[in-house]
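Trainee: In order, the protein sequence lines correspond to chains A and B. Its first residue numbered 1, the first sequence is counted upward by one per residue in the numbering used here. Its first residue numbered 1001, the second sequence is counted upward by one per residue in the numbering used here.
Please keep in mind that the hints were generated in silico from the structure rather than gathered at the bench. Watch out, some of these pointers could steer you wrong.
Unchecked claim - Pairs of lysine-lysine, DSS-like flavour, derived with a Cα cap of 27 Å:
1. A/K244 with B/K1109
2. A/K436 with B/K1097
3. B/K1109 with A/K580
4. B/K1094 with A/K418
5. B/K1118 with B/K1094
6. A/K436 with B/K1094
7. B/K1094 with A/K384
Unchecked claim - Label-pair restraints from in silico Cβ distances:
8. B/M1068 with A/G612: 18 to 28 Å
9. B/E1050 with A/D416: 45 to 55 Å
10. A/A540 with B/M1068: 45 to 55 Å
Unchecked claim - Only part of the chain A face toward chain B is listed, based on derived beta-carbon distances under 7 Å:
11. S438
12. Q443
13. V446
Note that beta-carbon positions come from the ideal geometry of N, C-alpha and C, so glycine has one too.
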Amino acid sequence: MTLHAKLGADVGRTGSLRMVDLFRSHDWGATLLGRRETWPAVLRTTVELMLASLHPMCVMWGPRRIFLYNDGYAKILGARHPSALGLAGDEVWPELWDDLVPLIDRTFNGESFAFRDQPLTMTRNGFEEQVWYDFAYSPVRDERGAVVGLLNVTSDCTARVVAQRERDAAAERLRASEERLAALVEASSDSLYSMSPDWQEMRTLQGRGFIANADAPSVRWMDEYLFPEDQAEVRDRIEQAVAKSEPFEMEHRVRLADGNAGWIFSRAVPVRDQAGHVTEWFGMAADATARHRAIEQLRESEAFMRGVLAASNDCIKVLDLDAKLAFMSEGGQRVMEVSDFNAVVGCPWPNFWEGEGNVAAKEAIAAAQAGVARGFQGYADTMKGNRRYWDVQVSPIMGTDGKPERILSISRDITDLKAAEEARAVLAQELAHRMKNSMAMVQAIVTQTLRQARSMDEARAAVGQRLSALGRAQDILTRSNFTEADIHDVVEAAIAPHRVAEDRIVWAGPHLVLTSQQALGLSLATHELATNAAKYGALANETGRVSMTWRVEDGAFAFDWIETGGPPVTPPAGRGFGSKLIERIVASYFDGEGRLDFDPAGIRFRLTGVPGGAAVEA
Amino acid sequence: MGQSFAPSRFAVLVVEDDALLRAEAVDLCIEVGFTTYEARNADQAIRLLERHSEIRVLFTDIEMGGSMDGLRLAQAVRERWPPVAIMVTSGRRKVTKEDLPENGLFFAKPYPPGDIVKALNGIAAQVMG
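My request is simple: use the sequences and hints to build the entire structure.
Mentor: Right under this line is the structure:
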């Protein structure tokens, strides 16, 4: 039997039989039991049984409870052995006797008792040790049935008690550990889950509020927790982890408890049995939604900023404090015609400027280094050598310590603006000149008119009309930036105040561009002719007609004014300013001749010359 | 002053590319009593100066077509015909003493006719002096 074999191995004394020797040599005659030969049969039988047993046993015999024991029990007695043999019970256990007597007496009255796991301190091996024993008191009866003794069979249950205690302690530790784990889980906001070894099945999931709980195992967990478009990527990572039995770790998108998309940081480790086989995966998932959204917002914000920088046609640059180029916006590289930023990164920025611009750039850098923003304008070539005019703002970029850390330089290509400004300045100059010229013409017209006038009234009317004709011609020139006008427009505007009936004044000719002087001259000439016609010529009666025709033949210009149906013409006695104007001055504008013919049938005027801006200086 | 000089020995050359302004300037000079020649550009003016030694006053506009403007004409005239008095007019630019030959006079357009008359008479007085 296992038990005995084990005990035998522990005790190992079946051969020594020391107590047998003691019993043989003991002077029993000197004891209350008397010589051994006189012992009743039941006592001898009991003693023999006891001595033969490997269980520690003792016997208390007779009214005085004479104490007998075997080898096993001797060890329990410790220092009381061997003197205790044959003594009365109260002599062996004086300190315990009062406690033991009731139980012993009851046993002698026929009851049996068993005491399990009784602690004892034993000195079996030269030092004190804690041991536990089971005791069983049973009455020993004589052949008449009277109780004559007490047999105490004991067994060393130390090993069992220690094992039990260790089990209890282990159980307690486990319970405490589980409690701590539970508390940890409770305290954490992370979700917990367990998966089958191949992850096909989700066994449990505590969602901690942010994702839905899985109360029952599910093989459809992917559809429940992941969006279709994310499943493949997650599955790949799971397969990698499962294949290598290495921890699974991934930040991925999930369906939150509220149905919206969220993010978790999930980590799971394989749990193995004693044989090393994975029995399940245990994992935790932290809600990374807020962090992920923040990162996404940051990314969006960065993308937004990048987009803004790229979209801007301003050349936005960041320089080191020593003015070396560190960054140039995409749009900036476009306008600066930089094909490879690496070719210019690190270059000292003021070197891009020449002359005054270089001085201004260095001053702006010095100001920025001192924490002050500064602007300037100047010429600089693009990387392809195209000259551009730039409006530049240089500002310090402050660090957290409030000191300039880097330098921001924003250059805007204002070449067109600069050109427009210059053109405007030129135009303003030109306008001033034309105005002076017009005033000079007015002065000449007025002076010439006054020289020829016979009366102030006549002079007043003539000056007014001539300036009015000049003004109408100016109107036409204004439409074309004062440089040229079409002859149709000029003739129409000049004749307009003189028109009587629709068909009495007619004109025809090709479209032709006149210089500003030609336009002014032809206007004045037309005015003079019309005024004269109204006073003395074809427009002085009800039937006369005026025809104006012009043409260009072989590069030569000819304009004809022909009056018909008017009163008979008589040449004037003298020539006034009007004649001088149409014959000499206007002809000069056309580099040609003007001839006035006082035909009795009607005045005719022919102007010949060079059309348009092709006037040749002689 | 008056007109106590011989017109045949004393003439004015008016150089102006605008016929209207030229006509008025010529009339003005004639009115004062000078023999007057007119040219519409520097090249015509040089040809007239070469032919008419009695020209003693050059009255020229600055902005003109042709091979040179009025200021260059004035310099050329001063070099070739030093005694010729120089009068320059312009509506476009302010002309300083440094732009003109020595003793040159400048009149901004439009000029008061009286100023021209006064200047011409002054020159005549010096020449006749």
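Trainee: Under the constraints set out in the numbered hints, which ones does this structure not fulfil?
Mentor: Violated hints (numbers, rising): 1, 7, 11, 13; every other hint is consistent with the structure.
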